[in-house]
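**Q** Given next are the chains, with one letter for each unit.
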Amino acid sequence: MTDRGKTDLVVLGLFDSVEQAAKGACALRSLPLPAHDITTLSSVPLPDGAVCEDTAPIRFPWAVAAFWFVGAAAGLGLSLVTYLDYPLITAGKEIISVPPMIIVTYEIAMLGALLATLIGSFRSIGLARLKGRKARKVFDPRIHEGKIVLCARVEHGDEENRAIAAMKETGGLDVRAEEGEL
Amino acid sequence: MSAENHLSRSGEERLYEELSRSNRVTTRWWYIGVAGLSAVVLWAVAVFVYQMMTGMGVTGLNLPVFWGMYIILFVFWIGVSHSGTLISAILRITRATWRAPVLRGAEAMTAFALLVGGLFPLIHLGRNWRFYYMIPYPNERGLWPNFRSPLMWDAAAIFTYLTGSTLFLYFGMIPDLALARDRSSGWRKTLYTILAAGFRGTHRQWRRYHVASTLFAILIIPVAVSVHSIVSWDFAMAKVPGWHSTIFAPYFVAGAIYSGIAAVITVMAVLRKMFRLEQSLTPKHFDNLGKLLLTMTLLWGYFYFSEFLTIWYGRLIEEWAVLSSYGKHYLPLFAVMVSCNFLIPLPLLCFRRIRRSIPALFVISLIVNVGMWTERALIIVPSLARRNDPFVWHNYFPSWVELSIFAGSIAFFALLYVLFSKIFPVMAVTDIKEQMFHTTDRAMGGVTMASVSHEPGEDET
Amino acid sequence: MKHRWAMVIDMDRCTGCGACVVACVAENNTPTVGEDEVEKGRIMHWLRVARYWKKELAEVRPVFLVVPCMQCQQAPCEIVCPVYATYHDEDHQINAMVYNRCVGTRYCANNCPYSVRKFNWFDHHWEKPLDEQLSPDLSVRSRGVMEKCTFCIQRLRRGDETAGKEGRKVRDGEVIPACAQTCPPGAIVFGDLLDPESKVSRVIENPRRFRLMEHLGTEPVVSYLKKLRGSGR
Chain A
309 MTDRGKTDLV
319 VLGLFDSVEQ
329 AAKGACALRS
339 LPLPAHDITT
349 LSSVPLPDGA
359 VCEDTAPIRF
369 PWAVAAFWFV
379 GAAAGLGLSL
389 VTYLDYPLIT
399 AGKEIISVPP
409 MIIVTYEIAM
419 LGALLATLIG
429 SFRSIGLARL
439 KGRKARKVFD
449 PRIHEGKIVL
459 CARVEHGDEE
469 NRAIAAMKET
479 GGLDVRAEEG
489 EL
Chain B
370 MSAENHLSRS
380 GEERLYEELS
390 RSNRVTTRWW
400 YIGVAGLSAV
410 VLWAVAVFVY
420 QMMTGMGVTG
430 LNLPVFWGMY
440 IILFVFWIGV
450 SHSGTLISAI
460 LRITRATWRA
470 PVLRGAEAMT
480 AFALLVGGLF
490 PLIHLGRNWR
500 FYYMIPYPNE
510 RGLWPNFRSP
520 LMWDAAAIFT
530 YLTGSTLFLY
540 FGMIPDLALA
550 RDRSSGWRKT
560 LYTILAAGFR
570 GTHRQWRRYH
580 VASTLFAILI
590 IPVAVSVHSI
600 VSWDFAMAKV
610 PGWHSTIFAP
620 YFVAGAIYSG
630 IAAVITVMAV
640 LRKMFRLEQS
650 LTPKHFDNLG
660 KLLLTMTLLW
670 GYFYFSEFLT
680 IWYGRLIEEW
690 AVLSSYGKHY
700 LPLFAVMVSC
710 NFLIPLPLLC
720 FRRIRRSIPA
730 LFVISLIVNV
740 GMWTERALII
750 VPSLARRNDP
760 FVWHNYFPSW
770 VELSIFAGSI
780 AFFALLYVLF
790 SKIFPVMAVT
800 DIKEQMFHTT
810 DRAMGGVTMA
820 SVSHEPGEDE
830 T
Chain C
21 MKHRWAMVID
31 MDRCTGCGAC
41 VVACVAENNT
51 PTVGEDEVEK
61 GRIMHWLRVA
71 RYWKKELAEV
81 RPVFLVVPCM
91 QCQQAPCEIV
101 CPVYATYHDE
111 DHQINAMVYN
121 RCVGTRYCAN
131 NCPYSVRKFN
141 WFDHHWEKPL
151 DEQLSPDLSV
161 RSRGVMEKCT
171 FCIQRLRRGD
181 ETAGKEGRKV
191 RDGEVIPACA
201 QTCPPGAIVF
211 GDLLDPESKV
221 SRVIENPRRF
231 RLMEHLGTEP
241 VVSYLKKLRG
251 SGR
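Chains as they are written, first to last, in this note's numbering: chain A, 309 to 490; chain B, 370 to 830; chain C, 21 to 253.
In case anyone wonders, no lab produced these hints; they're calculated from the structure.
One should not assume that every hint holds.
Straight line, CA to CA, 35 angstroms or less: simulated DSBU-like cross-link-like pairs of lysine-lysine [unchecked claim]:
| id | chain 1 | residue 1 | chain 2 | residue 2 |
| --- | --- | --- | --- | --- |
| 1 | C | Lys74 | C | Lys60 |
| 2 | B | Lys791 | A | Lys442 |
| 3 | B | Lys697 | C | Lys60 |
| 4 | A | Lys401 | C | Lys219 |
| 5 | C | Lys22 | A | Lys401 |
| 6 | B | Lys697 | A | Lys439 |
| 7 | C | Lys246 | C | Lys189 |
| 8 | B | Lys697 | A | Lys476 |
| 9 | B | Lys558 | A | Lys445 |
| 10 | C | Lys219 | B | Lys697 |
| 11 | C | Lys22 | B | Lys697 |
| 12 | C | Lys246 | A | Lys401 |
| 13 | A | Lys445 | B | Lys697 |
| 14 | A | Lys401 | C | Lys189 |
| 15 | A | Lys439 | B | Lys642 |
| 16 | C | Lys75 | B | Lys697 |
| 17 | C | Lys189 | B | Lys697 |
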């Protein structure tokens with residue numbers, strides 16, 4: 309992980325095909341560069357391990373499950389509170405009528421899960437960042453032309469030069485170093 | 370990309386150009402279309418205001434038929450909204466390879482049909498301006514709504530489904546919005562930049578995006594099932610002959626999926642023609658949609674026959690009065706329903722030639738939705754018109770007010786769609802690209818077949 | 021529970037004259053909607069005299085069934101109202117209707133098997149000087165609101181108030197709805213079942229007694245006495 313004060317340095321290179329990008333990634337890994345510092349930018353998702361790997365665990369589905377229960381509790385609470393705070397007899401049914409509670413609990417639970425999926429996935433993907441927007445994220449719009457951009461986080465100096473060389477050797481185009489975050 | 374796959378063959382630029390035509394090119398017809406649809410919608414709004422100021426008496430409703438056209442339309446539009454959930458969510462989870470070009474259209478239909486359908490509980494209220502009494506907010510009089518009422522279950526369910534399907538639609542659009550962001554300028558670029566929320570397409574982002582998409586799909590399916598079950602329970606919970614039936618929940622869900630698929634076919638056929646998407650929406654896609662439609666025809670027929678047989682056989686006196694009316698006053702409606710839902714689609718959809726003919730399938734899809742509208746009318750009206758006490762029996766026919774609002778709802782749906790296709794990517798470009806990326810040609814002896822790769826599952830190597 | 025009001029309608033005494041309906045209209049600010057609206061099925065009368073024709077051998081006879089609100093103890097209309105505009109009044113053990121809470125979903129009307137609930141399809145106006153006949157004891161309902169027979173609850177409440185001020189219980193026959201008060205042959209008997217001495221407590225034991233659509237489980241408090249058949253009738 310990097311110092312707060314300095315921005316990262318990232319080396320980027322454009323590749324025409326998955327095979328070439330995979331060779332480039334292999335070369336970078338043998339520099340050596342750790343796997344979590346190498347990633348791709350692409351217009352379609354590439355299979356995990358094709359060029360690089362995402363080893364960080366995906367945790368937000370647990371949050372979705374947790375918020376399902378939060379929503380269920382909210383639904384249960386809503387129906388229970390409205391029953392008890394305003395108790396009127398309807399059709400001779402008991403004040404705490406259970407089957408409608410099940411329905412309302414279920415719906416609010418699903419609502420909780422859906423909202424948690426959006427918010428959790430946004431946080432996990434790194435979208436809609438309100439804090440830390442100042443840090444520039446690397447990007448190249450030429451991915452929409454079919455190019456795969458291989459990116460590697462490097463230290464200034466020797467590592468940077470070796471990464472650039474490795475990419476150029478394996479067929480990378482417009483290989484350059486930029487200040488920014490992966 | 371790999372030199373051999375279909376994506377590199379056709380070229381991403383060209384593909385984008387073809388699929389985003391609706392956003393980039395605005396013809397005179399678009400303006401005329403929007404103007405026409407807006408006029409119908411505004412007329413319907415004016416008629417609604419008239420109804421609100423004058424009273425529900427301007428409709429054709431009466432005692433005992435207290436629910437009529439508006440509730441029919443409510444159920445109809447919520448039914449149409451099951452299109453997106455089935456096509457998008459279920460096909461995503463089952464990894465059906467042909468789903469990509471149909472995804473966005475279907476997901477958008479869900480959100481818009483829900484928006485339109487969700488208006489009807491407000492339109493049909495006697496005192497619409499007091500609709501907020503149904504919202505559970507703390508107030509100084511200590512009043513709360515009654516959650517024992519199926520109408521409150523409706524409120525919870527439709528709110529959840531509307532939120533969920535809008536999020537589902539938005540989330541599915543994010544990579545396409547990112548693509549559009551990088552290809553546009555001016556106000557569009559600003560809009561897409563905000564909505565794309567900084568999606569770049571790193572490997573990490575894609576992987577999490579894929580997990581989240583799958584999770585959305587898994588969550589939205591039970592919500593869709595529950596929504597139409599709850600809508601059916603508006604009827605099933607009542608002590609009305611012909612309504613109080615335990616089969617209503619699965620019957621309505623099956624009917625909803627049926628009309629949803631038919632609506633998807635209708636909309637996709639129109640989109641294909643209007644935006645010249647012949648390359649992406651091929652007869653093969655319509656063939657598959659046609660097969661789904663055939664399955665649902667059979668399923669609908671199964672549920673309907675079960676319901677009909679039970680009532681006919683049991684001959685309970687109150688239910689019998691309702692069923693007899695199908696052979697008398699409601700015979701034309703009944704004939705239309707059975708023909709349009711079953712007798713016409715079933716034999717036709719069995720033929721591959723018809724399923725692959727887009728004009729034929731378009732007509733069949735319209736017929737099915739006419740049949741499904743009639744089915745809802747037949748569930749709601751005769752049961753009320755021929756209920757318990759014969760002294761109060763009375764027929765129902767919608768008035769010009771209800772017909773105007775009917776027309777307005779269709780126009781509103783179409784208008785939402787037209788505006789959506791102008792501003793947002795109406796084809797799931799990224800999904801189409803992904804599908805093509807995974808498709809290569811494989812030679813097997815004398816033939817060449819398309820071969821689709823997918824990521825290995827957990828028990829595969 | 022202060023009272024358990026009940027009503028017994030003797031079909032033998034009922035002549036189908038309809039005076040009860042007129043009395044109800046007069047008492048409860050019921051609007052007259054006009055012939056066209058009645059044809060459309062929008063009559064506002066809370067009480068109806070349903071006439072059926074019964075064929076017995078060579079004879080066809082009318083049967084008059086006076087149908088007020090059954091004030092069901094397990095009222096199906098109550099549970100489907102999303103805003104509690106109708107619920108079980110525990111003091112009087114009848115079905116309460118709250119006009120200013122009603123949003124007009126009309127679900128209660130659908131769930132009433134007796135079709136006794138009426139909906140205000142329009143706002144109603146009484147031309148002068150007819151507006152002077154309106155009772156100040158209850159409201160004039162706006163459009164979009166459900167209404168139904170209330171056993172003249174304004175009279176029931178006034179009776180409780182009067183008796184309370186005098187420090188006694190309500191006497192049998194002191195408080196009756198307009199229909200029971202008006203019925204010329206006295207076919208409608210109304211009273212409190214909690215009072216074992218009341219007329220209604222005796223009449224309800226009559227073996228001719230039946231209730232409408234009992235199989236539905238609504239537990240109506242309105243009963244009927246079967247019309248007597250036999251020679252000379």
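**Q** Now, for every hint given, state plainly whether the structure supports it.
**A** Going down the list of hints, with the structure as the test:
1. C:Lys74 to C:Lys60: holds, 26 angstroms
2. B:Lys791 to A:Lys442: Holds, because 33 angstroms separates the two Cα atoms, which is no more than 35 angstroms.
3. B:Lys697 to C:Lys60: The hint holds at about 20 angstroms.
4. A:Lys401 to C:Lys219: holds, 31 angstroms
5. C:Lys22 to A:Lys401: Between Lys22 (chain C) and Lys401 (chain A) the Cα gap is close to 21 angstroms, so the pair holds against 35 angstroms.
6. B:Lys697 to A:Lys439: Judged against 35 angstroms, a Cα distance of about 69 angstroms means the pair is violated.
7. C:Lys246 to C:Lys189: holds, 32 angstroms
8. B:Lys697 to A:Lys476: Violated, at about 83 angstroms.
9. B:Lys558 to A:Lys445: holds, 18 angstroms
10. C:Lys219 to B:Lys697: violated, 47 angstroms
11. C:Lys22 to B:Lys697: The given pair, whose Cα atoms are some 50 angstroms apart, is violated under the 35 angstroms limit.
12. C:Lys246 to A:Lys401: Holds - the C-alpha atoms of Lys401 (chain A) and Lys246 (chain C) are around 31 angstroms apart, at most 35 angstroms.
13. A:Lys445 to B:Lys697: Given pair Lys445 (chain A), Lys697 (chain B) is violated - Cα atoms ~71 angstroms apart, limit 35 angstroms.
14. A:Lys401 to C:Lys189: holds, 30 angstroms
15. A:Lys439 to B:Lys642: violated, 45 angstroms
16. C:Lys75 to B:Lys697: With Cα atoms ~23 angstroms apart, Lys75 (chain C) and Lys697 (chain B) stay inside 35 angstroms; holds.
17. C:Lys189 to B:Lys697: violated, 56 angstroms
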